[in-house]
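2 protein chains.
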Amino acid sequence: MSKTKGLNCRSRYRIMSGDLIALGPGKVDLLESIDQEGSISQAARQSHLSYRRAWDMVDTMNRCFKKPLVISATGGKGGGGAELTPLGKKVITIYREMESKASQATQQEWNSLKKYLTL
Amino acid sequence: MSKTKGLNCRSRYRIMSGDLIALGPGKVDLLESIDQEGSISQAARQSHLSYRRAWDMVDTMNRCFKKPLVISATGGKGGGGAELTPLGKKVITIYREMESKASQATQQEWNSLKKYLTL
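Line by line, the protein sequences give chains A and B. To convert, take the position in the first sequence, counting from 1, and add 2; that gives this note's numbering. To convert, take the position in the second sequence, counting from 1, and add 2; that gives this note's numbering.
Calculated from the structure, these hints are not laboratory results. Virtual Cβ for every residue (Gly too), placed ideally from N, Cα, C. Any given hint could turn out to be false.
[Claimed, not checked] Restraint ranges, calculated between C-beta atoms of paired labels, are given here:
1. B/Arg98 / A/Gly28: 22 to 30 angstroms
2. A/Arg65 / B/Arg14: 20 to 28 angstroms
3. B/Gln38 / A/Arg14: 22 to 30 angstroms
4. A/Arg12 / B/Gln106: 15 to 23 angstroms
5. A/Arg54 / B/Lys116: 26 to 34 angstroms
6. A/Ala75 / B/Gln110: 29 to 37 angstroms
Construct all of the structure, not just a fragment, from the sequences and the given hints.
Take a look at the structure:
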């Protein structure tokens, strides 16, 4: 239970498709984990999510996009695996770029606010 | 219980001071309400917050900034009121500017994502 020190500015982008969260920070982290681990269950463990929760998040993303972001294989060696589609990888890149551009664009405001904050 | 229609991209900026949320979308909305209503209790009602919750949010903001954002008077006609300090008003402006600049800066990415989303 470490305490966060100092000041920081966090931005969270949430893409809504109707009432569904098509994409948000947790889902993008999960996509990156699946890409690294090659498996939804291992990605879930790494992201401290239940398998069920991770699976639901993947299912929501796949339904919100015109093509799936993640393809999972059932059976086979090690009980099947999962991998990102080209669209899955592209979506990560676009989302991270969004965060990075937003952070750059708001640097001046963040510097102004910092002057007024204690700590 | 209205359903949100269509696609949208929401960004939330959260300013952390250690483990405290110095500023976020809910707190900035509350500041705007206090500015309009001239009272924490009326602002709380408008923002669907309990008085206690609104008061705690104001208290956290006031402690996170070097000078208070809200000054409240006790007693007097109508049981006292509350108003924003010049810093309180400035902080709203900076935060809204941050949101607007972030939104402009990420327009291209948002347009790219939209192409891949259903609905």
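- With respect to the beta-carbon atoms only, verify the hint that A/Arg65 and B/Arg14 lie 20 to 28 angstroms apart. 24 angstroms, holds
- Is it true that A/Arg12 and B/Gln106 lie within 15 to 23 angstroms of each other by Cβ? 20 angstroms, holds
- Query: Does the hinted range 22 to 30 angstroms hold for B/Gln38 and A/Arg14 at CB?
  - Reply: 27 angstroms, holds
- Is the hinted range of 29 to 37 angstroms satisfied by the C-beta distance from A/Ala75 to B/Gln110? 35 angstroms, holds
- Task: Take the C-beta atom of B/Arg98 and the C-beta atom of A/Gly28, compute their distance, and say whether it sits inside 22 to 30 angstroms.
- Result: 26 angstroms, holds
- Cβ-Cβ distance between A/Arg54 and B/Lys116: within 26 to 34 angstroms? 30 angstroms, holds
Hint compliance for this structure: no hint is broken.
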